[in-house]
Structures are given as structure tokens and as C-alpha cells.
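Work the whole structure out from these sequences, hints included.
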Amino acid sequence: AILTTVIVVFGYYLITSYMRTNQSADDFKNLWQMTVFTQFLIVCLFGPATAANSITQEKEQQTWDMLVFTLLRPMQIIAGKLAVRLIPIGVLLLAFLPVQIYCAINGDLRLTSVASVFAVLSVLLLFFGVVSLYLSWLVRRTAIAMAISYLVLFCLLIGTLLLETTLSMGSQRIDSPFLWLNPMRMASALTDPSDAIAVPVIVLSMVTYSAILSFLLWRLITQFRSNFDI
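Heads up: the sequence shown begins at 1418 in this note's numbering, then just goes up one per residue.
The hints are simulated quantities; they were obtained by calculation from the structure and are not laboratory data. Backbone N, C-alpha and C fix where the C-beta goes; we use that ideal spot for every residue, glycine too. Don't take every hint at face value.
What the hints assert, rightly or not - Calculated lysine to aspartate or glutamate pairs in the DMTMM-like style (CA-CA distance at most 25 Å, straight line):
(1) K1498 to D1482
(2) K1446 to D1612
(3) K1446 to E1477
(4) K1446 to D1525
(5) K1498 to D1525
(6) K1446 to D1609
Said to hold, decoys possible - Cβ-Cβ distance ranges computed for the label pairs, FRET-style:
(7) S1643 to A1496: 42 to 48 Å
(8) Y1519 to L1568: 36 to 42 Å
(9) Q1640 to F1463: 26 to 32 Å
(10) L1489 to S1539: 23 to 29 Å
(11) L1489 to R1437: 47 to 53 Å
Right, here's the structure in full:
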């Protein structure tokens, strides 16, 4: 809570300082774009670590068996662990909402653009939360779960970029569906009005992330009480 408060206060200090000297519509658009990319960075930096220790900690403290054999249903346990980890990050992201609405109004932007940003951020944050929780359930050590979680992030941020660079060598292709799954490419599609393929990028990425997290949730719910010696 203290860290979140410090980040929000410092962020608003920088924002108000910028707004004192920059009052044109383009300035407000630039500020809105910066806040969007900052939100995506927050999700990418903190998302993979949100629930990486939620179940491995139970195993390390030898409370896993007691948790498994409670009367709570798997969905209740999973929802509780995800909620307590994701809500603080969600609050941090919502702290940008007043600034973004103000920038959208003064920067001749549609409020639906702000709604689209938060819809994509919600899916992306839930994706990282479910991935880290699944890995925490699958392995026995927090360090391993967290390392694999950030490896997933590395593959999305750097791996897709390297793959796109390899596939586009010697061709005129700008980007491909592989790159569309990159979180920064998603942010660019949301903030760049000249992006002709913004809608396909957002649709494909959200469908893909939603499908993966739905499959992992299904696996968690149906196999939650299984024991793994990994």
C-alpha cells in the first residue's frame, strides 16, 4: 500500500508539472499515450510475480494438504488467491483513470478509447495472474515459479520481436500475428490513430490471451487437488 501510494503521488506530481506547461490538444494526447504505456509497463513488471508464490508458499510451509482438504471448492480458493493479488495492481492502474479521462476530453479523444485500454489491461493482467498461479500450483518452489513466469513475459516481449525480425528478413512485411501478441504492440495499437491494423491486433491478442487463461483456469479447477512431485 505504501509503495502504491508513493508511485501514485509521484506520478501525479509529474503529470501536473507537465500539464502546467503543456496545454494544447496534442500535448494532452501525448500525455494520454504516456500513461497508457506506463500502465502496460506496470502490468508487465508486476503481473508475472503477482501469484507466483500463492501456492508454492503453501507447499513450502506444509499447509498445502490442509488447504486441499478444506470444504472450500477449488474455484473459491483460486478466485480468492487471484483477487487478493490482482486487486492492488488493479487499484494502481485505476489511479490513472481521472488523468486519462481529462486528457481524452481535452485531447479530442473518445472516451471509448479509455474504456478499450482498461479492457485490454484487464485481460492482460488476468492472464499474467492466472499464468503465475498455475505455475505456483504446478511446481514446488517459489523461485522456479517466478522464473518461469518472467520467462513467459520475456517470450512475449522479446521472443515475439525476435521471431518477427527473423520471419520478416528480406520481405516487405511490417508485422505479423506473432508480433501482435507483444504487450507493447498492443499498447501501440491502442494509442496510435494511424495504425491501420489496430482492430485486428487488439481482437487477436485479446482472444488469444483469453483462450489461454481460460484453459489454464479450467486445468486448475479440474485438477486442483492433484499432487505433483516436481
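Tested hints:
{"no.": "1", "hint": "K1498 to D1482", "result": "holds (16 Å)"}
{"no.": "2", "hint": "K1446 to D1612", "result": "holds (15 Å)"}
{"no.": "3", "hint": "K1446 to E1477", "result": "violated (48 Å)"}
{"no.": "4", "hint": "K1446 to D1525", "result": "holds (8 Å)"}
{"no.": "5", "hint": "K1498 to D1525", "result": "violated (40 Å)"}
{"no.": "6", "hint": "K1446 to D1609", "result": "holds (10 Å)"}
{"no.": "7", "hint": "S1643 to A1496: 42 to 48 Å", "result": "violated (19 Å)"}
{"no.": "8", "hint": "Y1519 to L1568: 36 to 42 Å", "result": "holds (38 Å)"}
{"no.": "9", "hint": "Q1640 to F1463: 26 to 32 Å", "result": "holds (27 Å)"}
{"no.": "10", "hint": "L1489 to S1539: 23 to 29 Å", "result": "holds (25 Å)"}
{"no.": "11", "hint": "L1489 to R1437: 47 to 53 Å", "result": "holds (52 Å)"}
Comparing the model with each earlier hint shows violations of hints 3, 5 and 7; every other hint is respected.
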